[in-house]
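Undergrad: Residue numbers (my numbering), protein chains in the order written: chain A, 1 to 347; chain B, 1001 to 1642; chain C, 2001 to 2100; chain D, 3001 to 3168.
Be aware that a few hints might be false.
Okay, derived cross-link-like pairs now, EDC-like style, lysine to aspartate or glutamate, Cα gap no bigger than 20 Å in a straight line [to be verified]: (1) Lys2087(C) <-> Glu3081(D); (2) Lys2087(C) <-> Glu3085(D); (3) Lys1005(B) <-> Asp1081(B); (4) Lys2094(C) <-> Glu3085(D).
Hints listed in this document are in silico derivations from the structure and should not be mistaken for laboratory results.
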Amino acid sequence: MNFNEIFGTFGLQSTSFLFQLLIVLVKIAVVIAITMLHVAYATYFERKVIGHMQVRVGPMRVGPHGLLQPIADGVKLFFKEDIIPSNADRTVFQIAPLVAVFATLSSLAVIPFYDIFYIANINVGILYIFAMSSLGAYSLIMSGWASNSKYSFLGGLRSTAQVVSYEIAMAFSLVSIMLMAGSMNLIEIVQAQQQYWYGMYLIPQFVAYIVFLIAMLAETNRTPFDLPEAESELVAGYFVEYSGMRFALFFLGEYIGMIVMSSLAVVCFWGGWTVPPILLKFIPQLAIVPGIVWFILKVYFHIFLFYWIRATLPRYRYDKLMALGWKILIPVALANLVVTSIIKYIY
Amino acid sequence: MTMEKYVLIPLLPLIGFCINIWFGRFYQEKAHWISILAVLGSFILSVITFIEVLQGKVINYDLYSWVISGNFKVSIGFLIDQLTAIMLIVVTSVSLLVHIYSVGYMHGDSGYYRFFSYLNLFTFSMLMLVTGNNLMQLYFGWEAVGLCSYFLIGYYFRKQSAADAGKKAFIVNRFGDFGFGIGVFMVFIYLETLHYTDIFANIHTLQGQTINILGFEIGLVTLIALLLFCGAIGKSAQLPLHVWLADAMEGPTPVSALIHAATMVTAGVFLVARFNPLFSMSETAMMVVALTGAITSLFAATIALVQNDIKRIIAYSTVSQLGYMFLACGVGAYGAGIFHLFTHAYFKALLFLGAGSVMHAMAGQLDIQKMGGLRKYMPITFWTFMIASVSIAGIPGLAGFFSKDEILWLAYNAGTVGRIVWVIGTIVAGLTAFYSFRIVFLTFFGKFKGTHEEEHHLHESPSSMTVPLMILAVGAISAGWVGIPPLLGGTNMIGHFLEPVLGHPHVHGTHAEEWMVIAISVVVALGGIFTAAVMYLWAPGIPQLLGRTFRSIYTVLWNKYYVDELYDYTIVRPTKWIGSRILVGVTDGKIIEGIVNGVPKLIAEFGERFRKLQTGFLQHYAMGMAFGLFVILSLVLIFVKQ
Amino acid sequence: MVPLEWYITLSTVIFIIGVIGFLIRRNIIIMLISIELMLNAVNLSLVAFSHYLQDLKGQILVIFVITVAAAEAAIGLAILVSLYRNKAVVHTDKITEMKG
Amino acid sequence: MLPQIIFGYFAIVTIVLSLVIITRKNPVHSVLWMLVLFFHIAAIYLFLNAEFIAAVQVILYAGAVLVLFLFVIMMLNLKEELSSERFIGEWPIGVALGLSILLFIFFSIAKLAPGPLGKFTIELIQKETHTKAIGKVLYTEYILPFEVASLILLIAIVGAMVLAKKRT
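One chain only, chain A, in its complex shape (with noise of 0.2 Å):
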């Protein structure tokens, strides 16, 4: 039984437009709904991990191990009051962080999870997930302005200075990439990394991925980069002065974040979906495993990842950050993809 039997019932045709815009609404449901489940338990993910990192047990209390303990504080926030200072910009103090969770969200439009599985397959995917998280930078910027206080000004504009610096190292980082690949297509980035017996650009472009990787924690304001939400200085950064819902689609949007730059990583480094070559030569059972179950293993690694480097690395100075992406990242970049443009040029 294949979908077109199934839909053939209901008078649509696979080539017809409704078809194929119902498809994608699917598609695109099946995602969101993933990730906002994905998004409930990383919270709590996170504080076990983090927890048994630093010798506590983490939340225990709401059902089995604290698993409900995700459901209890979205029930928390949804019916926290909705405050908005008086002073504030209050169409900006309210759209930024929509802009936040939507310039995320459409960035898993691109990323390919299975070589069945996507919504879009778009030649320029890379430059796209470039330009929403381009976009994400105006939600820091507008929520920390629109607060009309210094704390959350300062957590915006700094932000900002950083998404926007470390835009370009990680954009040089992935420069090799797609210079290796030939193309920009996520898609046929994935598959390119087949041709060698490793299957990923991981081994070749290991500078480029550890770039990426520092790269990767600052774009997601994340420890040890996380100081536009510095408590001890600025209290809570940008979202200050948020409460409630919209406090709460910041942290959706901050995750969802996480979840896009992890599969960026195994899209461009790790080979997405698929596995060594030589891994299945000499394993040929592995081939039984789909796809989906190898990307999710590596998108979850990073994310690992993530809270790993949370729960051991202390916060960045300011200059120290800027200096480190100016003029040690975007220098070891640049020099890469000149040595990679080399090799590539004499092979």
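Fit chains B, C and D to the supplied structure of chain A, relying on the hints for placement.
TA: Okay, now just chains B, C and D, sitting in the frame of chain A:
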């Protein structure tokens, strides 16, 4: 090593120049090493080249396209034939010896490295001049040697007379070069090329063409030849542009030897010889060349009779000898002219360097009346100077005799004009012998006439000066042996060597006549020497007596025929008057200043009115731009049809 | 198929709105934004031409325009910052030192 | 019919947005509306099969240039801005000039005669992908202007730093 060798000949001195002028001040006293090595390299390459040419190899090669503009094409190229080969040997060998000599002569001078770099630059320029295969490169070298000459004459630029002499040399040369430049233009206009080979291949097309100047029909060939000869007159100090050469003696003596005796001043002769096909086509031009040379040689020789400044006497002697060379060219004996150029280079350089050695001992004293008896203090200088004097006087066996005799014999053979110039040449030979030995007798014989301190100071020069003297002395004796005429048992090698380029005039005189010519010149020369000996050794009262008796003639000669004064009154002063009264007073003061002051006044007036338009308000300007766009669009819409 | 003229007309209208914005606003920042508006209008017409004439030159030009626009914005805003630091105004009618 | 409707939507929205941008009192709002406008223009580019240009439009204009604008605006005194006059005194002249130019350009558009077609058909671009097609032209035919553009950027960087640096 094909073309590189020929390129390196001029290039080595240029490299030496560049190194010395840029870095010289870091190693002041060692600057001569680079210069001498550079010139030595050139000399060795020149000798190799000469040997190749001797085996019959002639090179004509374009190295690099220098100027390409329309049909005007000039390249940097080399024409190395027999004539160039001889010139290369002359230039590089004399230059090398002068370089070595300068090590001693210029020792301790504050501008030591500057002097050597100029010498190198000069050598480069001169080599470019003689090796070029086109008129443009010749012209380049021509002006470049003039420039170096200016630098070196005015080397002691803090001394007013030296600076003036430099300017004088430069300006007087301009007169000649003006004609030369026009000549080059005319060659290009009528032949559309500046390359020698193309010029000589097409030159016959000019035969018979005339050009109308101020109502006179003048043969084109004659005109071009005379214009080119103008340049030669200036550079080789012939009448009436000879005035700069004597003043040029303000420069250091090695410079006088190198530039104002052996090489640069002979560029004119080289030019005439190089263009012998052109000159030979015009009898008028030939006659002018011959007579100019003859008269100049007589004129300069007579001046030299009475001068007391040792360097000036030799300078006038140079003018006289250059006249001799032009005389030879004028009667068609180009080979003899170049032969004389060759021998003259050695004995005249020797004379100058000897004079320099004397000056060195006399602490800069130039007046021969204040010298005397130097023979026993500086024997090497004396003997070498003596050899040079004997050589220039034309005593058989030495260099000067053979070349001078060749010229006189060929002049004797060359028709009426030839006979006239032969007579003049013979007289000059006598005068030459007289004034040469006048120097020798007054300087080296008799008693010392200077002060005691000066006498105490007398000494032989260092070996770096005497060794070049001795080498040059060898040259002054033997340079002529390459041209011993058949009559005296030789084969006239140099004449035959140069024949492919310069041709050889037909000789129809008998052996008896040739013996007669030789005999007359030798007798006259010996007579000159004898007279000098009588007047300055045995009966020292005679010169004074003669001076008193022929007071008017003596004064005229002493004042060099008043040529300088004539120029001062006819050219210099009127020019100055026009400059100060008309150009400064009227043109500059009234017209130019009027315009210069009036225009800003007008602009200021307008500015006062229009500044009101400037509101300083950005949008007003932007609106102006928008309005402009509006106007242009409307014009386009109205006037441009689909 | 949308005719080319529609795009050109749209581009023209946006361009003129940019021109008017530049001409009438007092605030220099809005004037700079108006310039960006004009550049975008031009880019739009260039891409439209490029599409309809099937020639990529127009889009190449767009890339150069974007480059120059970025440089222009950086320099313009830097000038603005130093102006504001010196005079504490961003209004054109307050900055008329060049008045004749 | 659908393309015309989509175009109509974009045309109306972009024109309205442009008008909004030049009339807002608060420059921050202007810039944020500008952001929306940029996304619409990028969408028009997509509509014109210029996906690379669309991405560049968003990344460069929205991601870099506008952020710069926001930074600067935020550091200025907004209160004074909100309380002062929006337009210059001569604003009717400006509007009149603009509208007359617009009118004239409309006349000119009527005379528009497109030149010959080039070789980059939509099929060719789609087959080769837009980025590659543009890259090939940019790095062969236009390599020199490309290098010059990089030089312009360098000069802009240095110039902006020198201008905006505090003189201490």
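Undergrad: Work down the list of hints and note, for each, if the structure agrees.
TA: Evaluation of the provided hints:
1. Lys2087(C) <-> Glu3081(D): Distance of about 15 Å is within 20 Å: holds.
2. Lys2087(C) <-> Glu3085(D): holds (18 Å)
3. Lys1005(B) <-> Asp1081(B): Given pair Lys1005(B), Asp1081(B) holds - Cα atoms ~15 Å apart, limit 20 Å.
4. Lys2094(C) <-> Glu3085(D): holds (12 Å)
Consistency with the previously given hints is maintained throughout, with no hint failing.
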